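Participant: Protein chains in written order, with this note's numbering: chain E, 1 to 320; chain A, 321 to 640; chain G, 641 to 960.
It is worth saying that the hints were derived from the structure and are not from the lab. This structure is a prediction, so every number in the text was calculated from the model and none was measured. We put the beta carbon where it would ideally sit given N, CA and C, even for glycine. Any given hint could turn out to be false.
[Claimed, not checked] Looking from chain G toward chain A, a few residues come up when the C-beta cut is under 10 Å (computed):
1) His723
2) Ala727
3) Ala731
4) Ala742
5) Ala743
6) Asp784
7) Glu785
8) Phe842
9) Pro885
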Amino acid sequence: RTVGGVTDFALQFGAHVQRARREGRPVVALESTLVSHGLPRPDNLRVAREIEQTVRDHGAVPATIGMIGGRLIVGLDDAQIEHLAGADDVAKLSVRDLAVAAATGANGATTVAATSAVAAAAGIDVFATGGLGGVHREAAQTFDESADLTTLARTPITVVCAGVKSLLDVGATLERMETLGVTVAGYRTRRFPGFFVTDGGFDLDWSLDSAQQVADAAAARTHQGVSRAALIVANPLPPDEQLDPALHDQTLRTGLAELAERGVSGKDVTPFLLAHFHSRTEGRSLAVNVRIILRNAALAAQIAVAAAPAPAALGFGLPG
Amino acid sequence: RTVGGVTDFALQFGAHVQRARREGRPVVALESTLVSHGLPRPDNLRVAREIEQTVRDHGAVPATIGMIGGRLIVGLDDAQIEHLAGADDVAKLSVRDLAVAAATGANGATTVAATSAVAAAAGIDVFATGGLGGVHREAAQTFDESADLTTLARTPITVVCAGVKSLLDVGATLERMETLGVTVAGYRTRRFPGFFVTDGGFDLDWSLDSAQQVADAAAARTHQGVSRAALIVANPLPPDEQLDPALHDQTLRTGLAELAERGVSGKDVTPFLLAHFHSRTEGRSLAVNVRIILRNAALAAQIAVAAAPAPAALGFGLPG
Amino acid sequence: RTVGGVTDFALQFGAHVQRARREGRPVVALESTLVSHGLPRPDNLRVAREIEQTVRDHGAVPATIGMIGGRLIVGLDDAQIEHLAGADDVAKLSVRDLAVAAATGANGATTVAATSAVAAAAGIDVFATGGLGGVHREAAQTFDESADLTTLARTPITVVCAGVKSLLDVGATLERMETLGVTVAGYRTRRFPGFFVTDGGFDLDWSLDSAQQVADAAAARTHQGVSRAALIVANPLPPDEQLDPALHDQTLRTGLAELAERGVSGKDVTPFLLAHFHSRTEGRSLAVNVRIILRNAALAAQIAVAAAPAPAALGFGLPG
Ligand SMILES: [Mn+2]
Ligand SMILES: [Mn+2]
Ligand SMILES: [Mn+2]
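Construct the entire structure; sequences and hints are all you get.
Facilitator: Right, here's the structure in full:
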């Protein structure tokens, strides 16, 4: 696409998101890495559609974010989601990759960092995902820390997640969020959820107890004008929906042992451990992962609805 | 407080600060964590009032910052300061806590990070405190680093302090400030002060030798438009007012040994070590702490006065 | 310089850069630390002039950045460059030093961080240098990490370099750039160059294959409005121009061993290792260093030309 002879790389909005913006309706951003890299085919496409439907069922408009042929799209349509779910050349794009990917015409799925940053740039205030990236085990030596944390530190958005996966160093990740000024609040809890399990083993300073209170906290950030960091809403699975904690702990232990034995390191660690969880739990970790994201999509939609200005405040009436 | 049916979380200004802003008079921001958590009762309230008086005595208007019932106030009045000095439910608020604390209606005292960020958002250019937070000992493993450093890296304000407490890893803290682009200058010295002691054991690249020169450096940052980081003015105690260095070193050594013995870790370390200093120095560490903050308040007021536009430049005359 | 009775510390533009800005011609920023601290006299002055000439030969206007008597100048003239090349009181200025240096009337040379930040503030989009600063070996203990990385993370500019020197921890530096969201692309390669050597031993996710494609990536960042981080273009020496890799590896090994033997540490490490390279390679490392910067200046100029709006788009014709 060129404008006045020069290529135009501006954000593009899907038709349903354009309409929602025009009408002042609540929008929830969704990531595409979950679809392209996070879930196995063909479940990934079905789940991507269920996530969008869950957002709609709770009164908001889904905006799945991704890149098609270099175009950075806020609100992929169904055919585009299907493409990212099935194609083999889909790059995993963090914030720093977006411009180069555009210049080279790539197809790409956006990480938590990239989805947050694009959503905020597009004026979307709420984002639902599964788990955040964080500080990797051994990061004291390897310096391997996700760009999710530094991006969230400068991105004013509300992110609903279920904590960070135990594959990471959860304690160090919480310390980094404190250092970087990323707000973390439990949803109806003061324990940080452990993604697959309800309780991740760490205390939180704050609990928010309703979608309205989350929306108030986001409004307070804007009104105060002091911070531009993200508000992380850590939404735990109910205990009866979690992965059995004993199974979780044992699977993690054997996974970490195998890593060491086989000398797996660097970027291979996370896929290796996730596959290990999938096979050792006979698919239960995957089912839990899907429940997490659907629950988070529902809560994110409720928050977006709570944050939306009342129709009267918008200054326009119904078409007469 | 609601505006148009929606809760308004905007900063609120105390009457004395509103008047100072209207009249273009110099203002100095002050933190409230010192009052609520840093000093023991009932000394804390007396000292809080002395700090404000010291700012006034040097020609500026004090603006102590804190939160009452969710309202973030720039310029607490005496009754509000008394409340934060005496209440038991006062949260310690860093920048990331401000919005959630507002949404939940908390009472809170602001840290160095939060006070800096709120002051800058309120248009206040100078802030007096005791010591900065920093990199904790063992942070290479625990990742425990204060949000003060990252906040100062993005907050254009002048902070007068006496360095960082030796309870922290001072060398690592200075490295982090270099990495993060936080300016550090000694006030009439090229040695970084050690809070309780005059000389903290590290060299500085710059010395500023008058309140006017500090004000010039802050003006240069604004005019250049290149950095939005804080300028830390490290103001050492005169040698004859410091804690005896031999006593300091021995107290630190025994404190660190006791920490290890008793297995104290995490958030319990700093209060433990401060209490240890207090008891082992028979209260002298506390008296030194108070001298530090009063000296810093005086210098901060002088800087604010030096930075204030000359009355003629303000474009209004005296009431006739 | 004072304006209305108050000292004015605003950026000053050299006459040639003022003219280029007025005429909408492409400009390339250049650092001065290379001149004052990076190369030995009298070669440094000759090379500084060759770098500027190389930029001109490729169709752009050079803007060497530095400070003279507290004035921060974008586009030093030849006499000013000669002064920084020969004077003994030239401070090495990172971003955090610029304001204090101005207030104290210093002479100074700007690092990669400071040059990037000043250039971006001055509206210059492309900067040519030799190598970036990064994470120091042993930084896990010492916390010694260059402010270049954090500055590049918030500075929207294109930096052409040949990677980072192997004196640093290159792997950790690449991890930090990922964490901080700094874009790194190889120029016609997917291997990160090793400064003195063509291949630094690490893979890159992206290759850009022409000056136009680099310019497109920078345009995409602006159009997308999602990131304000730098785009690092890593431009390797051709294999036949590099320092012999076996000689490089051996020199590095003996240099690191000598460091340990003699107990060299902190700020003395880099000058020690560079002098070691210079003497052990009989000056070849220095010749390679000069080739690197001239090649990078040429590529930076080509990128600036590719990014410049076509004359017609500027809305003014040739003088008639
Ligand atoms: Mn990583
Ligand atoms: Mn901490
Ligand atoms: Mn350093």
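Participant: Quick check on the hint: Ala742(G) CB to chain A CB, less than 10 Å?
Facilitator: Status holds, d = 4 Å.
Participant: When the nearest CB of chain A is found for His723(G), is that gap smaller than 10 Å?
Facilitator: Result: violated, 20 Å to nearest chain A Cβ.
Participant: Hint validation: Ala731(G) versus chain A, beta carbon distance must be below 10 Å. Holds or violated?
Facilitator: For Ala731(G), the interface hint holds, since the closest Cβ of chain A sits about 8 Å away, which is under 10 Å.
Participant: Using the nearest Cβ pair, does Pro885(G) come within less than 10 Å of chain A?
Facilitator: violated (31 Å)
Participant: Can the hint on Phe842(G) be confirmed by a CB-to-CB distance to chain A that is less than 10 Å?
Facilitator: violated (22 Å)
Participant: Less than 10 Å between beta-carbons is the criterion; does Ala727(G) satisfy it with respect to chain A?
Facilitator: violated (18 Å)
Participant: Can we keep the Glu785(G) interface hint, with Cβ of chain A closer than 10 Å?
Facilitator: holds (5 Å)
Participant: Let me know if the C-beta of Asp784(G) comes in closer than 10 Å to any C-beta of chain A, holds or violated.
Facilitator: It holds, given that the least Cβ distance between Asp784(G) and chain A is near 5 Å, below 10 Å.
Participant: Using 10 Å as the Cβ threshold, decide whether Ala743(G) counts as touching chain A.
Facilitator: With a minimum Cβ separation of about 4 Å from chain A (threshold 10 Å), the hint on Ala743(G) holds.
Hints 1, 2, 8, 9 from the earlier list are contradicted by this structure; the remaining hints agree with it.
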